[in-house]
Structures are given as C-alpha cells and as structure tokens.
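Colleague: Each chain is listed here by its residues.
There are 2 protein chains.
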Amino acid sequence: MGRWQPGARERLEQAALDLFLDQGFTETTVPQITARAGLTTRTFFRHFADKREVLFAGEESVPERVARLMAEAPPSLGPMELIAEGLAPAAAEIFEGRSLDYLLRRRAAIDAEPALRERELRKFSLMSEALEQGFRDRGVDDLTARLAAEIAVTTFRIAVARWLDQHGDPDLPATINQTLAAMRHLTSHGGCSPFLTTHDEDHHRRDTGQLHDG
Amino acid sequence: MGRWQPGARERLEQAALDLFLDQGFTETTVPQITARAGLTTRTFFRHFADKREVLFAGEESVPERVARLMAEAPPSLGPMELIAEGLAPAAAEIFEGRSLDYLLRRRAAIDAEPALRERELRKFSLMSEALEQGFRDRGVDDLTARLAAEIAVTTFRIAVARWLDQHGDPDLPATINQTLAAMRHLTSHGGCSPFLTTHDEDHHRRDTGQLHDG
DNA sequence: CAGAGCCATGACACTTCATGTCATCACTAT
DNA sequence: ATAGTGATGACATGAAGTGTCATGGCTCTG
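As they're listed, the protein sequences go chains A and B. With UniProt numbering, the residue at position 138 of the first sequence is 138, and numbering never jumps. With UniProt numbering, the residue at position 79 of the second sequence is 79, and numbering never jumps.
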C-alpha cells in the first residue's frame, strides 16, 4: 500500500469544508471526510493535528510572515503608524490567492461551530503574539507592544468581519482604514475629550457615511 | 446508588486543578479526577460539558453580570467614559471571593495547556459579546459598540495578566487604570512620543482623527 | 538496470473523551 | 406511607486521536 495521492491535503480540506457546510461540524466524522477524499482515517491525522485543523492548515506561517513584514518596515515608524501603514498590506498577503467565495464558505462553517470559532480565536492570539514580539524587536516597551499588538489584531479581525459581511464590496484596505479610523475616533474622542461637542462627533461620522453596520 | 455528595462540583474542581498542576492537563484522565473526588466518570460530565470546563465553571454568569452593570450605569456616559469608570468595579465583582493564590494556581494550569488557553480566549470573547450588546443597548452604533467592547476586554485581560504577574502588588484597580492610560496614550499619541505637550496632543489628534477611505 | 533508502499511506489495536440510557438511592411534600 | 424529584452509579456505545508496523511507490546512487 501507500500509493501516493496527489494533493491529499487539499482534497481533505475540500471534502471537510463541503461536509461541514452540508451537515455540520459535529455531525461530520473523520471517516466520512477521508472516504470522500479516498484516504483512510489514520492519514487524516497525519496531515492535521485534529479535526478542526483541516480548516486552518496553511495559516501556520502567518505569524512568521507578520514578523518578517514588521522587520522590513522602516524603523522610524511608531507602533500606531506601523499599524496604519502595514495592516492593509499584511492583510493582502495573508489572503493572497484565496477567493472571496472560499473565504465566505469557510467563515460560514466556522461561525456555525463553537469549537471552530474557538480555534479561530487562537489564530488571532498567535498573530497577536507575533506582533507583540515584533514591536518589542523595534524597541517598544513591553506594555505598549502588547497593547499595540492587540489593537492591530482587533482592528484586523473586525475589519475582515465587516468586509466579509459586505461580500467584499468596499475592498479590504478601505474597510481596514475605516475601522482603524473608527478605532482612533473612539479612543481619542469617545468620552475623554471635553472639548469636542456631540455635533463635532456627528460631523466626523457623516463624513464617511460607512461607519454604520446595519 | 446515587448517594448525594456535598459540594461535588467544588471537589471535582479542586481535584482537577491539583492534578492538572501536578501532572499536566493531558496526562490527567477524567477517571483520575473523579476517583480523587469520590465520584464516577459519568458524574463528571454531568457537571461539566468537557474536561476543560472544570476550570471555568462559575464564570457562565459573567456576561450577564457585565450586561447588568452596563445597564445600571448612567446613560450619559460615552463608551470610553463607561470603560474608564466601570472596568475596575466590574473586575472587582468578577473576582469577588477568589483568593489571589487560587487565581495564580488556576492561571498556571491554564498557561501550561494550549487547550485551556484556547478556552480562556472564548471566555473573553463571550465577555466582549456581552459588552457589545450592552453598548448597543445604550444607543452606540454597531461598529463603535464592537470596537469599544474589544477595547474594554483587551484592557481588562492585559491588566489582569499584569496584575497576576506582579502577584497583585499594585492592586487591580490601579493596574487597570495604568493599562487604560497606556492604551489611551498609544492610540492618541502613537505610543512613540511621551514628551508631547497637551497642546501638541490636541493638534496631533485633530490631524489623525480624519477618516480616509483609501 | 538493480538495489538501498525514504516517505506517504494502509491496516490494526488501543486509550481517552463524551453521551445515551436505565436503575438506584436519598430527600421532600402531601 | 407513598409518590415525585434529583443526583448518582453502572453499562454500552461511538467518535477522536495515537502508536506501531507493513507495504508500495518514489528517488538516489552505483
């Protein structure tokens, strides 16, 4: 035995996503996935550490790519400047080569299953750790590095969610910038600035016309 | 059979924490935990949905308590004002009745096991969802509510981590305020200019507070 | 071309997690 | 007392995940 199968991983991922969307994550057994891919159960666990990982393969490299992008950025950039300039390019690289349709199908499967949502949280946590280390390597103090990393990941996560909600209409860089602007607006004017009136805040919101979700 | 056991849940939690710290989460089997507590395996899963939950029982009520605290706060408070004023009291209520020693032991067990760290992320995610709904109920727009919820939870999480790192020395309210101040400093001044004057801060804020689409 | 070695896979056994189901015992209310 | 309620024990079962070895194709080398 042991005949080699072309694209075994890819076929397992495809079969798993199809089945998860069709009958749900819990209702889908690993033997069902491997049967559809023409493989055995044992082979599934050679490619993926557990059943959830089949939807998260290929993202192990994201933290290290994030670290590389940060190391390549101009050292003069402060944390928030780096986030403002680097988030969109980083997102572009992360999603490079994946169709919007695939991303929507994948998200639908993840949203439907708490265990997969949890795994998704871990992905963002790993991104945050990479970012935190990247900021520290740029000379940022520990607390600020941690905060900046969380700000970056949170902005990224919310922007991607909004972008997918809108089926990709305002493109991802634009959605990221809108989200980042709203984040800055909230933290700068959202209750800590006695000098701005409510009218001023309304003015900011009206300028974009894109800040309301539903 | 079926003799009632006083404090079955508590004894299971205690036995599990002891065993997790002693031999690790993976190496500890559910029968080991139940044997130490004088119960059967089946009873364990009647009290906890899965093996991890034994360290997270009693936190199911946190989201609803967060929602209550938000509803009780003065409606005039903006999102950031509410966070600044409400985070410390909320933390006090959440940790009410738990000793620092217990919190440290529990964190040690969680930090040692990826599966438990993941469960911890879900806890914060649930808190964030409750906060988001709370902000919406106060009339905040969807995007701002989501962002404010994430800011609040992130600040809380980082502050608690720092507080435990320091074995509770600066007390939790003080640590929360420090963390919140660092967060504000980062988002307002970019985290790279600690020497800006108040006037410079206002100028910078106005310059970067604009929303740009592309 | 032949043999050696590598690597992915198949096959099988095994442990642990988790759940469904029913019987049993204690406590409680009438 | 008797019935009801609720927690537990006991048993069976399925699915997840791992260890181990055999097998067959592939490449590298002489």
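Source of the hints: derived by calculation from the structure; they are not laboratory data. The reader is advised that the hints may include incorrect statements.
Said to hold, decoys possible - Here are the simulated DSS-like cross-link-like pairs (lysine-lysine), alpha carbons at most 30 Å apart as the crow flies:
#, chain 1, residue 1, chain 2, residue 2
1, A, Lys51, B, Lys51
2, A, Lys51, B, Lys123
3, A, Lys123, B, Lys51
4, A, Lys123, B, Lys123
5, B, Lys51, B, Lys123
6, A, Lys51, A, Lys123
Stated by the list, open to error - If you anchor each label on the Cβ, the simulated ranges turn out as follows:
#, chain 1, residue 1, chain 2, residue 2, range
7, A, Gly7, B, Asp165, 29 to 35 Å
8, B, Thr40, A, Glu27, 27 to 33 Å
9, B, Asp142, A, Glu81, 38 to 44 Å
10, B, Ser99, A, Gln5, 36 to 42 Å
11, A, Ala35, B, Ala161, 42 to 48 Å
12, B, Ala35, A, Ser99, 24 to 30 Å
13, A, Ala57, B, Thr40, 35 to 41 Å
All of these numbers come straight from a predicted model, not from anything done at the bench. C-beta: ideal position from N, C-alpha, C; glycine also.
Colleague: Work down the list of hints and note, for each, if the structure agrees.
Modeller: Against the structure, the hints come out as follows:
1. Under the criterion of a C-alpha separation no larger than 30 Å, the hint pairing A/Lys51 with B/Lys51 is consistent with the structure, at around 18 Å.
2. A threshold of 30 Å between alpha carbons decides the hint, and for A/Lys51 with B/Lys123 the separation of about 22 Å falls inside it, so the pair holds.
3. Distance check on the hinted pair: A/Lys123 and B/Lys51 sit about 22 Å apart at the alpha-carbon level, within 30 Å; holds.
4. The straight-line distance between the Cα atoms of A/Lys123 and B/Lys123 is roughly 16 Å, inside the 30 Å bound, and the hint therefore holds.
5. Restraint check for B/Lys51 and B/Lys123: satisfied, since their Cα atoms lie roughly 15 Å apart, inside the 30 Å limit.
6. Proposed proximity of A/Lys51 and A/Lys123 is supported: the alpha carbons are some 15 Å apart, at most 30 Å.
7. In this structure the supplied range 29 to 35 Å is violated for A/Gly7 paired with B/Asp165, their Cβ-Cβ distance being about 46 Å.
8. A C-beta distance of roughly 28 Å is found between B/Thr40 and A/Glu27, which places it inside the suggested range of 27 to 33 Å.
9. The beta-carbon spacing between B/Asp142 and A/Glu81, approximately 28 Å, falls outside the hinted interval of 38 to 44 Å.
10. For the pair B/Ser99 and A/Gln5, the beta carbons lie near 55 Å from each other, so the given range of 36 to 42 Å is not met.
11. Between A/Ala35 and B/Ala161 the beta carbons are some 45 Å apart, a value that agrees with the proposed interval 42 to 48 Å.
12. Checked against the given bound of 24 to 30 Å, the beta carbons of B/Ala35 and A/Ser99, roughly 52 Å apart, lie outside it.
13. For the pair A/Ala57 and B/Thr40, the beta carbons lie near 38 Å from each other, so the given range of 35 to 41 Å is met.
When held up to the earlier numbered hints, the structure conflicts with 7, 9, 10, 12 and fits the remainder.
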